[in-house]
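Student: Dock chain one against chain two, each of which comes alone in its own frame, and use the hints as you go.
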Amino acid sequence: MVIQDIVDSWRNDEPIYGKIGNCVTKVIKNHISEYEILPEISFRTKELLSIVKKIKKKQCEGAYSYENLKDKLGIRIICTFESELDIVDKLLRDYFVIEKAEYKKANLDFNKLDYQSNHYDVKIKSELAEFKSIKKYFDYVFEIQVRTLNQHAWANAAHKLSYKQDSDLPSDIKRKLYRLLSLYELSDQEIEAINNHLINENKDNINGILHKVEGKIYKYAKVDFDRETTLYILSKFTEFLSSDNIHKIQTEIESFININDKKIRKIFTENKIRFHEIPFLTQPEIFIVWYALENFEFCLTDNWNNYFDPSDLEQIQTIWGKNLND
Amino acid sequence: MAKKIIDLSSITIDKLIVHDIPKHKKSEKIITPSYSEQESSTTDGMRVFFKDKITAALSGKKSFKICIDPKKDSPVPLYIKNILKKDDDSFVSDSKKIADRLLVSQDGVNAAGILLVISGKISDKNACIILKLERDKGIQLELNTETNSFDLIDIENLMLTQKTKIFKVVLFIQRDDFGVKYDGFLTDYQIDMKAKKEIQTFFMDDFLGCVPFQDPKFSTQKFYNYTRTYIDTLEDEIVKTKYTQDLNSYIQKNQGTVSPREFAEDYFETPEDKDNYKRYLVEKGFSFDTAYLKDAALIINKIRKITITFENDISIIGNKGTIDDKVQLIKLDNGQHKAEIISKIKNVI
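Line by line, the protein sequences are chains A and B. Okay, so the first sequence: first residue is 0 according to numbering that gives the first Met the number 0, each after it adds one. Okay, so the second sequence: first residue is 0 according to numbering that gives the first Met the number 0, each after it adds one.
In isolation and in its complexed conformation, chain B is listed as follows (with noise of 0.2 angstroms):
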């Protein structure tokens, strides 16, 4: 089957329900979400509004592709199911039974929020979409005709604004309408970074109960592998030893996800050539615009050192971070290049 284009400007709001998820311990048994009955009524504004904030959301560089797990024991891939389905008359119970899940999977640390369970669609294919936010509050300005002043009045149940960033939603799809592998896209920016072994979020694993789509210790070498060819192809020497450690510098950040866009956007110097990284990555069909959850397993030992061979035999070793400033790298005008240390001699092997 061809691939149909999942494409995030084609996203409909058919139904929405809110449900709101207190905070809770979890020796806190009796604790319940307060439920919507009913979908919420929307207007056209509203509709535009939170199809914003999801295409701002899934669009963004820590976006990935997630697989159902059928051994996990979260069911709520059933709930998701039916509403893929349109099944109807149990949007409102599937949707329920979602937020009673999530206040399960949360436990104290995990702050209290309001659960968006939406029937939808994208490119004309049925779709759900959850998003999980957190209630602030807010202060309105109301002029006050009688004062001709403007009075502040305070709002408690602030749900989203033209500024919030969401920071967990998730949509999924049904493979075959679009004859794809996997059934969503994960945009999670709490990835717990403190289970690095193992990368998990409570909201992808225990919640969800899904996994990404791609095995991490893969997606990440291919990552690499594709960035530095791509690096390798450019002709000034000097740029690609500095994007070389940029590339092993970035794989060694503190986050749980490496993405093309992002080492595009922080690294390289012009647009030409994040266009031409953009485009080799769509070539080889390794997607530009979706992260990929991080595990550098394979390339530890590409990335935890960089080598540059001279064609006189003469190699210069760094560790991460040190060839850019340690090393000064120079052009000359017949073609050859100077490097040039300034340190002592701690050893000769």
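So here's chain A without its partners, still in its complex pose (with noise of 0.2 angstroms):
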């Protein structure tokens, strides 16, 4: 394939596979949130240039076409916890077509420290009604990386450092490489643990609280929140209810999130436009002032004042409405 052809492939191609970027990466988007994890996604199609260069640099190596190139369009996940890599496989394997799979973490050996991210070559299940809008677009194969913080740290990293295993580095400088790599690995597991810990140990306190609701947000409101003004909340809600109540919260609050499953995605789908407006409506707490409402209402509503903005528990109030009939 000439030059000519590439450049005039990826005229006709690239828009197409930007219309498959933005269609995928809201569909993993808005699926992802409801496992409660908020992974950053984002995808690039390819530059040009890059095309040219690595399909040069392919050939090289042995036969290879514009066709060959699977990374076209990337899309990249980047998730905070290791554990998280699972859910996002889960999710891809239910929403596309996995040709390739590459678990670069798998395939080192135990003595061997290397770059670790989950590689996938798709394509679209096209008989999604999410995928409607690209179903033509349905023998496309583009390439999703899925990665943990520290993982997409060590490989912008090695990316600039031009790192390769088989390089021919002086062996002090690649100790430091190898020493460096085991850090990143470490973290990750430490991160895990001690986010395991902080669900498992701390039942009875501001955190515990925290950790069962912080993955609600994401999975009804779609977005981050602020932690600081959760902290502070949180703390004043200690300051005037009971521990009893508190323990109440601690141990009824997912419970009562998933009674109310229903109600509570109509309240985030119907005042979605206005999350600027009621800015509480996208942060944890929202779960604990309802729960309050329905348990202990004036132990919420009567010391409220002392504290925050009494127009926003009005809001609040007026978003959950009252069963009429009760």
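Don't read these hints as lab results, they were simulated from the structure. Bear in mind that the values here come from a model prediction, so they are computed numbers and not experimental data. The beta carbon of each residue, even a glycine, is placed where N, CA and C say it ideally should be. One should not assume that every hint holds.
Claimed, not checked - Where chain A lies over chain B, by a calculated footprint (3+ residues, C-beta under 8 angstroms):
hint : stretch
1    : 50-63
2    : 177-190
3    : 271-281
Tutor: In structure tokens, the structure reads:
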């Protein structure tokens, strides 16, 4: 294939891949939040120059054409915790035809350290309603990379250092690199361990409550929240709510949210257009306020004005509504 | 049939139409409403805004259950039934007939108003909502970029603002959809207290052709009895005395409704007492969040006087509002109570 053919093909394909990228990113963002995680998701279409360079380079190793290039569209999903990689894996298998999956970590020997992330060559499952607008591009293959934040940091650094495991570096520099790489891996595991500890061990404090509701805001509002605000508000709650009520929140908040799932979904869908007017709706403590309104309303409302803006509570109460035939 | 929850948060607005009802005297026969000939177009933002206003009004302390009364001569229930059936072809004409009836029901005393008729849903079931709003005026700020100052602009036809309170709103449902024996909920802040003997409002009675779900005599008695029973569960005798007298005072207030929520918010001293009271009423199946039209006929003898009887067989009898002001009750360390009255003995019977 001559370069002009590549240019012509890419001129035709680039907008299509752009459309696919846009749609696929939205679908993943929308559905991954159901698992109560909020990874960073982005896409890029490859630069023409990179396409040409890569094809030329690959052609030096053997037969290779424009059609063989699978990362003309690349989608990147960066997770906070290593365990989220499995969640994303499950979602990708539900929504995409996996042509090839490469789990780089699984392929490493125990005594090897290297770049770790999951790479997938995929096509859309065109029968799914979510992909209706790009249905006709069912045979376009593109790449999805899934990494943790640490793996991403390492990948970026390694790219800048042009590091390759087989490169002929002095052994002291190699040692530095290996030490660094092991730290990234350790860091992922330690962050995971700390998170698990916070979820499982600190059940009766603010962090314990926060861990029970933070994923819910990803799930329903599909946005990130302000942690400082949350911690401030929760700490104030602990000042005026009895330990008995705090314990009730701890033990019942998840089932409360599950029971009211349909109602909560409707509230978030309906009010998405005015999240900026009611920022409280995008904070996980909103679930605690609603729980309190149902279970010990006056312990909340009688103290609210001492700490927070009364109009916020009025708005939250209106949105939550009332059961008229209680 | 199991009761289905009527959840205000689930209201959706499908169609909305507005008619203008002018102020008029009964003698002015030729006046008609200014009708809309088609539904008003609304944005998502407007629908959420209307929903907020409706929810706030219906979840307030003045909302009570109503029933359509076939004995009333208002035709409005017929049109409401059409709207509840989602008869799309007749929505506009039904709403116009509702506007006609409102005009007829109003007399020169009632303010001119805007009638909103909404076809929508609540808890996924068909609902019809009617609001009467009063037209307002306002002044809007507009930045003049040439003079770099604010121009003031008159707004003549202001219908609803963030801060406007809705005085009259009614929500109709179909009984079978929810397994209930009433037809809807009405909030009317302008219940006419002059017609105290038989509490009526032109809006509920003459316009909507409805009556309260429960006979106000019985619902007031139930409210009183449940509240008294709850107060009796409290341990502190002084608190119990205060709340009992508060209840008597509350029922004798010059207002057309009683509301457990209003009573709790206005009189109970601790949030725990309020929450426990709410829980108690919910357990008893007596709605905490709706109001009840008031008629104290069946309890009048109980609320006029309050009697405190001590273990030593001494009693203190007080009239409305007197115990709290004129008898000082103190709890002693040994669990007994000391009552102090400073006054002059009027007579001994």
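Student: Against each hint, give a clear statement of whether it holds in the structure.
Tutor: Results for each hint:
no.: 1; hint: 50-63; verdict: holds (count 7)
no.: 2; hint: 177-190; verdict: holds (count 3)
no.: 3; hint: 271-281; verdict: holds (count 5)
Going through the hint list in order, the structure satisfies each hint without exception.
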